[in-house]
Amino acid sequence: MSSEPLVRLENVGMRFGGQQVLRDINLNIHRGQTLAVIGESGCGKTVLLKLIIGLLRPTSGRVLFDGRSLFELSEAELTRQRLRFGFVFQMAALFDSLSVFDNIAFPLREHTQRSEAEIAAEVRQRLQEVGLSPMVESKKPAELSGGMRKRVGLARALVMNPEIILYDEPTTGLDPVMSDVINELILQTHKRRGVTSVVVTHDMRTVEKTAHRVVMLSPLSSLKPDEPQILFDGDLASLRACTDERVSRFVRGEAGPLAFAG
Amino acid sequence: MASVAQRQDGIITSLGGAVLEFVEAWGDVASFAGSALWWMFTSRPSRGTLTPNFYQIGVRSVPVIGITGLFIGMVLAVQSYADFMKLPGMRGWLGVAVNGSVIRELGPVLAATMLAGRIGSAIAAELGTMRVTEQIDALICLGANPIRYLVVPRFLACVLLIPLLTILADFMGVMGGAFIATQYFGIEPYEYWTRSQQEVGLWDIGTGIFKSMVFGAAIAVISCHRGFNSSGGAEGVGRAATDAFVLSFVAILVLDFFLAMFFNSVYARLWG
Chain A
3 MSSEPLVRLE
13 NVGMRFGGQQ
23 VLRDINLNIH
33 RGQTLAVIGE
43 SGCGKTVLLK
53 LIIGLLRPTS
63 GRVLFDGRSL
73 FELSEAELTR
83 QRLRFGFVFQ
93 MAALFDSLSV
103 FDNIAFPLRE
113 HTQRSEAEIA
123 AEVRQRLQEV
133 GLSPMVESKK
143 PAELSGGMRK
153 RVGLARALVM
163 NPEIILYDEP
173 TTGLDPVMSD
183 VINELILQTH
193 KRRGVTSVVV
203 THDMRTVEKT
213 AHRVVMLSPL
223 SSLKPDEPQI
233 LFDGDLASLR
243 ACTDERVSRF
253 VRGEAGPLAF
263 AG
Chain B
871 MASVAQRQDG
881 IITSLGGAVL
891 EFVEAWGDVA
901 SFAGSALWWM
911 FTSRPSRGTL
921 TPNFYQIGVR
931 SVPVIGITGL
941 FIGMVLAVQS
951 YADFMKLPGM
961 RGWLGVAVNG
971 SVIRELGPVL
981 AATMLAGRIG
991 SAIAAELGTM
1001 RVTEQIDALI
1011 CLGANPIRYL
1021 VVPRFLACVL
1031 LIPLLTILAD
1041 FMGVMGGAFI
1051 ATQYFGIEPY
1061 EYWTRSQQEV
1071 GLWDIGTGIF
1081 KSMVFGAAIA
1091 VISCHRGFNS
1101 SGGAEGVGRA
1111 ATDAFVLSFV
1121 AILVLDFFLA
1131 MFFNSVYARL
1141 WG
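Residue numbers (my numbering), protein chains in the order written: chain A, 3 to 264; chain B, 871 to 1142.
One should not assume that every hint holds.
Ranges between beta-carbon positions, derived for each pair [unchecked claim]:
#1 B:878 / A:224: 17 to 25 Å
#2 B:881 / A:254: 52 to 60 Å
#3 B:921 / A:224: 50 to 58 Å
#4 B:905 / A:251: 41 to 49 Å
#5 B:930 / A:43: 36 to 44 Å
Hints were generated in silico from the structure; no laboratory data involved. Glycine included, C-beta positions come from ideal geometry on N, C-alpha and C.
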């Protein structure tokens, strides 16, 4: 395993109009690691994921993927680099107008010269990997349950054999049993493929089950100007033992004393 | 004195802000259009993305444009007939008025307006929904350029099919007008058609069709741009759909004025 991090964020800041969301984030994500990013809603977790894959350009600092800044690459090279990522969106982001089969086959048709028979075999293999039967192939996304949509989203993210998978709140909106199925899939995908994974979540069961390392972000509005935005960075054992009140409260799922004020 | 100066400063600042906002907004639309044109000429869209758009934009617009074209021609004949009756010897000129109006103005503008209403809003709503549900982000993550995949097929469908829809609107309008004039008001068909033939020619048909292509391009660019830039959930998508129609309609009328001026000056230079 190379010691060079796969993803490196250097003093990254992100601002939308007048609102600063991320400030001076420094983070290395190592190959083969599953990193969970936790934090309250609005702390910039999803923005962080979109910066890593180059969907957003940081307003300060830089994001390096495999040693190169994505925004210094040509359009064609950027596209090639993005195919090394898999992105599982919060609401799956399946293309409404396409069937499940066509959704999963989409990147294969766009970027490979494979025959339709080879594509069909690949799609079925990916469906099997996420525990879905071939019966769902012809269905449109609107006909699927939330859990099935997330699994199709994962199958689509896996189809190009990515080196890193980004999960945006993978269990949000699912019942506990389906959440566990998704957590198990994240774990199995990592074990089988050895991919680097970044899981943005506020579900501590996902963290417990899948993460090697945890980073907790804080919303800037609840920090002093010179306080770092990363409240915690360490493994699960250190997370449980963390004495920072804000971190331990989040881990226990308790509202703070000021949560209902004013 | 100080308050008057402050008020003037305030007015100048707001005016400057509004001008900057306007330039920025239309600069963004122009850059979006440039990007669509670049992708159109550098990468051929697949048949799979073209066919559904051509069907939706072209085939499904036929009934509504045919019916509205027919009735516009008929209404024009009814309204013009009363005026022409007041002038002795002018009955035969009714065909010129109806056919000239339909072919030069009403056909292209009607086809474009119907397209803006039926398709412009739908494009903005569809792309807006794709934006707010992160489907456009998903396309980018899967290595597909959303302009090439989503905008180019819609742009081509609008620009290439609107001339056919305009010809349909022209034809139905001319037939509707002729039916009312000859069958209802009893104008001699020979007189009606001969006068029209003398005054309305290929130049009028050609400029009308050219104008419609400009309108089609404007509808596609404005509608796709509004959809791409929508935000704020269902409310944002609704706003994008409304904006797409209103801005397209305004653009059609403004462009129509400038194109009419342009073609009139060209005509005067060539044959005037």
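Taking the hints in turn, this is what the structure says about them:
At roughly 43 Å, the beta-carbon separation of residue 878 (chain B) and residue 224 (chain A) lies outside the given 17 to 25 Å, and the hint is violated. At roughly 56 Å, the beta-carbon separation of residue 881 (chain B) and residue 254 (chain A) lies within the given 52 to 60 Å, and the hint holds. Our hint of 50 to 58 Å for residue 921 (chain B) and residue 224 (chain A) holds, since their Cβ atoms are close to 52 Å apart. At about 47 Å, the CB distance of residue 905 (chain B) to residue 251 (chain A) agrees with the hint of 41 to 49 Å.
For the pair residue 930 (chain B) and residue 43 (chain A), the supplied restraint of 36 to 44 Å holds, since their beta-carbon distance comes to about 42 Å.
In summary, the one numbered hint that this structure violates is 1.
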